[in-house]
Amino acid sequence: MQPQRDDIVVLRRAPYRDADWIVTALARERGVISAIARGARRSRRRFQAGLGPFFVFSASLRRRPKGELWDLDSADVAQGFSSLAADVAATAHASYGTELVRELLPAERPEPEVFALLVELYDALATAGPSAPALRSFELRLLALVGLAPSLTRCTRCGRHLPIDEDGEVGFSPAQGGAVCAACEPAHAGMSLGAAARSLLIAAAELPIAEAAASLAPSDRGTSRAARDAMVRLVLHHVGKPLRSLEFIAKLRQGGAGGATKDREA
Amino acid sequence: MADPVAHLSRHLARLPGIGEKTATRLAFHLVTGPAAHARELAAALLEAVDATQLCSACMNLTDTDPCRLCADASRDPTTLCVVAQPSDVMAIDRAGQFRGRYHVLHGLLSPLDGVSPDDLRIAELVRRLEPAGEDGERAEVREVILATSAGVEGETTAMYLARLLKPLGVAVSRIASGIPVGGELEYSDQATIARALEGRSAL
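Chains A and B, in that order, are what the protein sequence lines are. When you number the first sequence by the working numbering, it's gap-free, plus one each residue, and the end is 378. When you number the second sequence by the working numbering, it's gap-free, plus one each residue, and the end is 315.
Treat each hint with caution, since some may be false.
One-sided and incomplete, this derived list gives chain B residues near chain A with beta-carbon spacing under 10 angstroms [unchecked claim]:
1) A262
2) R275
3) Y299
4) T304
5) R307
Because the hints were derived from the structure by calculation, they are not lab data. C-beta atoms are modelled at their ideal positions from N, C-alpha and C, and glycine is treated no differently.
Next up, chain B with everything else stripped away, as it sits in the complex (with noise of 0.2 angstroms):
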């Protein structure tokens, strides 16, 4: 393989989820095509990556400070979700459901590995949390909705915050987690009934 090639292909290949075989495959499909694609190809990274940066609210990626989401006035600013990372909040808010503003960790706690509280947008959460300004005036968060995934990850950071966030005041609450909308329980694990039973609603 010819070495600019080959060069494309070992950075591709850096990619999750790409392969060698598959970064070979785009190498060799963007080095043949229409060379006017690979350079709007290039060109769309570029911009992407210099002109995507964090919110300074929410910590979610963002080509604007405040982010859209943080500057829409019709959003219910007392209160905040907290998701793992920026795919999340896609997902919650192509749901439809929640129209109050979020906060993105970067991240799971995770001891195996390696990853700590410092390690993730924490300071920020609490910092949005605390009382603003000098006035002593409470910033307007009332309640707090945890949304990390359901694994011992999700689990562990979302206990870890409850315990954090409690003493600062705002009301802290949990997704529900159990049998998915349209969910068989025959194939349902043991952990996931159990999460489901413990955690079923009165009617």
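Pulled out of the complex, with its shape left as it was, chain A reads as follows (with noise of 0.2 angstroms):
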């Protein structure tokens, strides 16, 4: 098999004999794949910072004869965000957008698009460091991309409009794929969302995650809560089991171990 060029960025790898890595990665052209890196975890040459999270790889690529495998026979680096590493609370920030990339999308399946907002996501996380609305519009621009976009203004059940109203809520089921109207309310919804927590979201639906970062910081934390509180129950949702990820910022947030990242809402 001749060898096609791609760029990659690694997802999760895992060691196999002694210095191979088992990947799996997304690449811009082909989607997920998993690939095997033969003598990776030793040779820093034919593979480049490691073939660690966080950095655009220019790869070769073999499809192997037999099974889903491909052979990754040399990675380099094209564009690089190490200095994530610098903030544990953006190193998570962008492990949690690897992680769901990850669980979100299937096994090669081209997906130009994602693999250019996951890039964006590491470029404001090392840029701007972590921030609660930047992630909101990784999730929602995520999820959109794979066709599971959250309904924010209109009822999932009878699809009444539901204008924002300053006081109202209204309920916000998951199961649902979205906002219920007061009326579908009690036997759909699995939580309520306050207004300025659903004018955050649809906001952050629309705009460059920077921009999130940057125009959608909420004046109180409860609003920034009730945002998270519903993306990650629909998130979880979907993927249908616990993110590692997320619980390693549930933990960073609680203070593990001097709460050395206590004042960084995810």
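Taking the hints as your guide, dock the two standalone chains into a single complex.
Here you go:
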């Protein structure tokens, strides 16, 4: 098989034998692929930056004659976001984005827009640090790209338009896929969503990540938490299992081991 | 394959770096070789497992508590080198440059793998740096050297520890990273060169 070039982001890697990695990667033109990188744990020349997370690599790939694995022959750093590592919360947020992409995308379905969105998240976090609105923008735009965008302006049950009323709350049901009106709510909503939190989510869904981070910082923590709780419940509903990075973020928020990042909301 | 050999092979295949074929080869080697060798290996394995514990001070693997490195009075108690794994202690000590004491974290922070601060021996490290005893006397440590790897997990762990430890009044430093001794610039990747330039030192 002839080698093919593609840009990849590593979503997961696991050691295999003495010197290899089994890698799950998002390839710009090929979607999520699994590949074996022989000698990658020893060769810094063929596999730069340790084939680690939060880099865009220009990779040489070969489809194996049998099975679903690719051979990853080399990976050169094309774009690096190593400054993420300077901030534990930023690393945790980038990890959450990475894990979410890994869990939501099927294998080998080309998703160049998701690739660009993930790189946009890394860039925003490396440039401006961690921010809750940045994550909301990422979550909502990712869900839209994979066909799982929540309905935030119409009732998911009856289709009624739900205008933003400053004092009004609507129901929010992850299972139903978004907002639920008062008439449908008692039976179908899992939680309620205030007007400020809903406005924040509607705006975040439309904005680039860096712009969401700069312009959507809510004035009160309650709004930020309500938006976060709604999105986390929605994401977990779609993924169908706990996410390790979310648990890590929750532990940081609780101030584990000295609370070095206690002030960073996700 | 006979059941006991298959059973042994399955257990060997659980070891890091051992695939199914290698495990089978090792299993056959053990059962077809002198029985005394296999018994000696089994005894050594049991002895190592039973006798090995964590040093109550540095968290390194040891058969005595405190470990030999912590008990060595000739080592500098004011400098602490923090590493991820026991094997890192061996690597640094082999270089012969460092004569202080160690602290082993037993891992690195990794949100992708769900490894959080609570999963590492960070609380034990903080305790070593806090005032000792009721008399309020400060612990002896004056400098902590963060010697975690230069990958994302190692850097993240180092930055987390730096923020945690600096308020305790100790100097916190990080091992240098960049071009290896004998390395060619031509073959270094851009991240390594960028790191080497960032960490340049005056001559």
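Consistency of the hints with the structure:
For A262/B, the interface hint holds, since its Cβ comes within 10 angstroms of a Cβ in chain A; the closest pair sits about 8 angstroms apart. Annotation: R275/B was flagged as interfacial toward chain A, and the flag holds, the nearest CB pair being 5 angstroms apart, inside 10 angstroms. Interface hint status for Y299/B: upheld, as the beta-carbon distance to the closest one in chain A is roughly 6 angstroms, under 10 angstroms. For T304/B, the interface hint holds, since its Cβ comes within 10 angstroms of a Cβ in chain A; the closest pair sits about 8 angstroms apart.
With a least beta-carbon distance of about 8 angstroms to chain A, the hint placing R307/B at the interface is held under the 10 angstroms criterion.
Figure legend: structure checked against the earlier numbered hints; every hint is met.
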